[in-house]
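Once you've looked at the hints, dock chain P against the given chain D.
Number of protein chains: 2
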Amino acid sequence: MQILDCTFRDGGYYTQWDFPDDLAKPYFETMERLPVDIVELGYRSRPQKGYYGQYFYSPVLLLRKVRELAPTKTLAVMLNEKDCSLNELDSLLDPCRGLVDMIRIAVAPVRFSNAIALAEIIREKGFKVGINIMYISSLNENSALFDTLSKGDDVADAISLVDSYGGVSPEQLKLIVSLCKGVTSIPLGFHGHNNLELAMANTLTAIDSGCEIIDATITGMGRGAGNLRTELLLTYLAAKNGLETDFDKLGNIVARFEKLKEDYGWGTNLPYMVSGANSLPQKDVMDWVSKRYYSVNSIVRALQNQKRGEKDNLKLPVLQPALCEKVIIVGGGPSVNEHAEAIRLFVEKDPEIVVIHASAKNAAVFKGVNNKQYYCIVGNEGQRLESVFSAAEGIDGICVLPPYPRKMGTFVPSGLIEQSFELEDVSFSTKYADSHTAVALQTAILLKAVEVFLLGYDGYPNQSLSVKEQDLVNENNYLFNEAAKHFSTFAALTATRYEIREQLSLYQYII
Amino acid sequence: MQILDCTFRDGGYYTQWDFPDDLAKPYFETMERLPVDIVELGYRSRPQKGYYGQYFYSPVLLLRKVRELAPTKTLAVMLNEKDCSLNELDSLLDPCRGLVDMIRIAVAPVRFSNAIALAEIIREKGFKVGINIMYISSLNENSALFDTLSKGDDVADAISLVDSYGGVSPEQLKLIVSLCKGVTSIPLGFHGHNNLELAMANTLTAIDSGCEIIDATITGMGRGAGNLRTELLLTYLAAKNGLETDFDKLGNIVARFEKLKEDYGWGTNLPYMVSGANSLPQKDVMDWVSKRYYSVNSIVRALQNQKRGEKDNLKLPVLQPALCEKVIIVGGGPSVNEHAEAIRLFVEKDPEIVVIHASAKNAAVFKGVNNKQYYCIVGNEGQRLESVFSAAEGIDGICVLPPYPRKMGTFVPSGLIEQSFELEDVSFSTKYADSHTAVALQTAILLKAVEVFLLGYDGYPNQSLSVKEQDLVNENNYLFNEAAKHFSTFAALTATRYEIREQLSLYQYII
Chain D
1 MQILDCTFRD
11 GGYYTQWDFP
21 DDLAKPYFET
31 MERLPVDIVE
41 LGYRSRPQKG
51 YYGQYFYSPV
61 LLLRKVRELA
71 PTKTLAVMLN
81 EKDCSLNELD
91 SLLDPCRGLV
101 DMIRIAVAPV
111 RFSNAIALAE
121 IIREKGFKVG
131 INIMYISSLN
141 ENSALFDTLS
151 KGDDVADAIS
161 LVDSYGGVSP
171 EQLKLIVSLC
181 KGVTSIPLGF
191 HGHNNLELAM
201 ANTLTAIDSG
211 CEIIDATITG
221 MGRGAGNLRT
231 ELLLTYLAAK
241 NGLETDFDKL
251 GNIVARFEKL
261 KEDYGWGTNL
271 PYMVSGANSL
281 PQKDVMDWVS
291 KRYYSVNSIV
301 RALQNQKRGE
311 KDNLKLPVLQ
321 PALCEKVIIV
331 GGGPSVNEHA
341 EAIRLFVEKD
351 PEIVVIHASA
361 KNAAVFKGVN
371 NKQYYCIVGN
381 EGQRLESVFS
391 AAEGIDGICV
401 LPPYPRKMGT
411 FVPSGLIEQS
421 FELEDVSFST
431 KYADSHTAVA
441 LQTAILLKAV
451 EVFLLGYDGY
461 PNQSLSVKEQ
471 DLVNENNYLF
481 NEAAKHFSTF
491 AALTATRYEI
501 REQLSLYQYI
511 I
Chain P
1 MQILDCTFRD
11 GGYYTQWDFP
21 DDLAKPYFET
31 MERLPVDIVE
41 LGYRSRPQKG
51 YYGQYFYSPV
61 LLLRKVRELA
71 PTKTLAVMLN
81 EKDCSLNELD
91 SLLDPCRGLV
101 DMIRIAVAPV
111 RFSNAIALAE
121 IIREKGFKVG
131 INIMYISSLN
141 ENSALFDTLS
151 KGDDVADAIS
161 LVDSYGGVSP
171 EQLKLIVSLC
181 KGVTSIPLGF
191 HGHNNLELAM
201 ANTLTAIDSG
211 CEIIDATITG
221 MGRGAGNLRT
231 ELLLTYLAAK
241 NGLETDFDKL
251 GNIVARFEKL
261 KEDYGWGTNL
271 PYMVSGANSL
281 PQKDVMDWVS
291 KRYYSVNSIV
301 RALQNQKRGE
311 KDNLKLPVLQ
321 PALCEKVIIV
331 GGGPSVNEHA
341 EAIRLFVEKD
351 PEIVVIHASA
361 KNAAVFKGVN
371 NKQYYCIVGN
381 EGQRLESVFS
391 AAEGIDGICV
401 LPPYPRKMGT
411 FVPSGLIEQS
421 FELEDVSFST
431 KYADSHTAVA
441 LQTAILLKAV
451 EVFLLGYDGY
461 PNQSLSVKEQ
471 DLVNENNYLF
481 NEAAKHFSTF
491 AALTATRYEI
501 REQLSLYQYI
511 I
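The listed protein sequences derive, respectively, from chains D and P. Residues 1 to 511 (the UniProt record's numbering) are what the first sequence spells out, left to right. Residues 1 to 511 (the UniProt record's numbering) are what the second sequence spells out, left to right.
Simulated pairs of lysine-lysine, DSS-like, Cα-Cα distance not exceeding 30 angstroms:
| id | chain 1 | residue 1 | chain 2 | residue 2 |
| --- | --- | --- | --- | --- |
| 1 | D | K25 | D | K468 |
| 2 | D | K261 | P | K361 |
| 3 | D | K49 | D | K431 |
| 4 | P | K307 | D | K249 |
| 5 | P | K283 | D | K259 |
| 6 | D | K407 | P | K240 |
| 7 | D | K367 | P | K25 |
| 8 | D | K249 | P | K361 |
| 9 | P | K349 | P | K326 |
| 10 | P | K361 | D | K259 |
| 11 | P | K261 | D | K259 |
| 12 | P | K65 | P | K82 |
| 13 | D | K407 | D | K315 |
| 14 | P | K249 | P | K73 |
| 15 | P | K485 | P | K448 |
| 16 | D | K25 | P | K361 |
| 17 | P | K407 | D | K249 |
| 18 | P | K261 | D | K249 |
| 19 | P | K259 | D | K283 |
| 20 | D | K307 | P | K249 |
| 21 | D | K249 | P | K468 |
| 22 | P | K283 | D | K240 |
| 23 | P | K468 | D | K259 |
| 24 | P | K261 | D | K361 |
| 25 | P | K249 | D | K407 |
| 26 | P | K407 | D | K259 |
| 27 | P | K240 | D | K181 |
| 28 | D | K431 | D | K82 |
| 29 | P | K82 | P | K283 |
| 30 | P | K361 | P | K372 |
| 31 | D | K259 | P | K307 |
Source of the hints: derived by calculation from the structure; they are not laboratory data. No experiment lies behind these values; they were computed from the predicted model shown.
So that you can see chain D by itself, here it is in the shape it has in the complex (with noise of 0.2 angstroms):
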């Protein structure tokens, strides 16, 4: 049996494929002592639109570094099978020769041929082959992948079964290794997710099953909820198998990445068990769980509308606002609350102005405000609007949600539907149209707003950003440099941290 460790490549996820040196060099020092048999380290690809780092083109500067710090391992690079066309090989493979020494082609059940035809040409150029066939957890006895696997025999050196949703069973693996092994005698391999917490389980299947591949990754690091830990296997075979392990360089490099871990938050929870319990893709889970304003909740009801094949469940009227030249928008900061006695005093002066509240989190400082309120329902802010108001004293105010279908699903605070609206579009930004900052721009903008206040919108210290809190940094600025151009005054009125056009205080106001 071999163990794989794949914790570049499929960590990078969490990363954008970028590792800074002073850990790459411990982990492919440590990989170099200790019983894994081959180190995938990342991607080799042609140019893609977006950023990726450097662990998704693996340059040869890269791999001679790498191969320098692991002399002895198998190194291998992963292709992705829908990204790769034949006449790309040459350029993409031929300057890894002597560096790499096997190439995994990634590739989905129904393209199974196609990851063939790489197979053969990769061979020829000298490399070891291994095809990963993705989605697992979706086939069964009568898969079409099953009549052809056996055309792997001639050019593949190993096949491996991924559990790419995490939703696979120790039974359903049995039966697929077995399907497997009754057409093809190519070496098997399984490389499992850990949505229900079954990589482990799953594994130890595989392997009494035959299959002698094993991919993990160190703590788990991988996309969504993430792999079979290495550490967790090694641990495993060292003390029922007797694997000589090296635990102080295990427990270091175990060390280094669980601090990582601590800002990216790999591994599961509910959202990734519902998605792979029910085999739905982690790709929207994971920009979900990565967005602090989509509660744990509204991500389950957004899985559970999958599972039934809705986009969403209600489509609201659209909103056709009364226009105001005045808007206060009200972000969920805690300068709201401390400010409170003078917020309320600069809006009740004018009665013309509206308030739009962003977030829930602040509605309670505009109870009795006669003026009038928009409350933007995005994620859980129903929820906690309704936790603000009880059910006797009602919501006087207009809800505004993000344009149909939500993704996210409608949750409606109870007895307002009959004041609940949608957008019909978010024009002024292409990106992040469910954010709720995103919704009440959009709104000031219907309003046709001529003043637009900030209130609330406070930031994060600088120094101990979370990589979330900086996503929602970046992304909020955005929507503001997008929307200020649609205002006169776009100004923040208390203190803020973001870059909003003008900076004000509230207390010129009621001075």
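Quick look at chain P alone, frame taken from chain D:
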């Protein structure tokens, strides 16, 4: 099949069985609405030494509140067999009548007959009785338990198999269940721990093998590596068996516990994996993992020693140092590096000053300083020291280790074995003998120091103290207080948030 949620009972190991009311209320209300059959809310216990919170004693006051929040659920409390004698049952259980439905007895396999004696009386009082057999990963076909298990038939309503070490495999579990079924007809249950990420797979195996009561906790909160997650079991059963589950309610309560988890950090990690794979008790590991100065490495090393039955592997000569009057003790805080120049000046001015490095973190600052230096080697400090000094330059100084035998094992930096000594004892304190600060203070006492100055004990900003940090602060404050009695001067010379008798400034000495 019945689902038993024991979040507060097993999760209490992390919170000393206190949970705030604003978590308890939504937790029990959510249990009432989820397809959970039994809620085990805590222990009942006679008075114990040390602090244990309200869910450890579960007073009638509390039981009444819980009964109101979850009126339709079977409520259970647990008794520890080893802490419970027959004549205490009246006082422990009579007050619970009408409030609690089920009593579960936790018992080691070798003491099973004691549980039977308790069960008889408990059943007569009108309660349902469950017996939880612990440490099942140490059972096999020849275990004496299987000769006596049938005695449970007349007195118990369920027997649950508890994988206390988190070390059982699905095959072993299948065997144990079938051995049980061979001798008893009582409904069986399973309680899985997640050290090897096999709690879910074992649970599915238990269900397949005919277990009828499945234990789980929200977010897996439970002793050591924790349990099967309730949300995972419910998600799986909802997807595969159509179990009706309110994901909104589930998502909300999971989010609450995920927040708590950020503070306490339950879940598996390399040390728990090692203890699980080798069926070692989690209690020590849980203590060690909660102490910041034990690295993953040193814990794994200690566990490897336990596995081999070694308490420690190296007896060193006892430290008998030359005496000196003036000592500085250097902690690991960043202030040492910030004031490096001034510190070197202070130390070099007086060649008689002895430097004791409680942590090796700041050792580099004292490179080339001619004063005598002691390095306290606890946890990972030995390796840290190695990484500060290259092999070529060597380390000039004396290493001091805690008294023999050292639970955490012995690691001496390479080439330093001739300069390494151990303390005979830590006499000034009855606690924390293997903390690096205790070793440093004891060394100062052995030196018969009169003036002791502390550098780099910065402490933490109060508002963001994690549980671990708070524990360390309490521990160090206790040590400072006890040790100070031995010195005329005991003063911090860099800014500190610790309670150190005197607070002076480094700069007053080098003006």
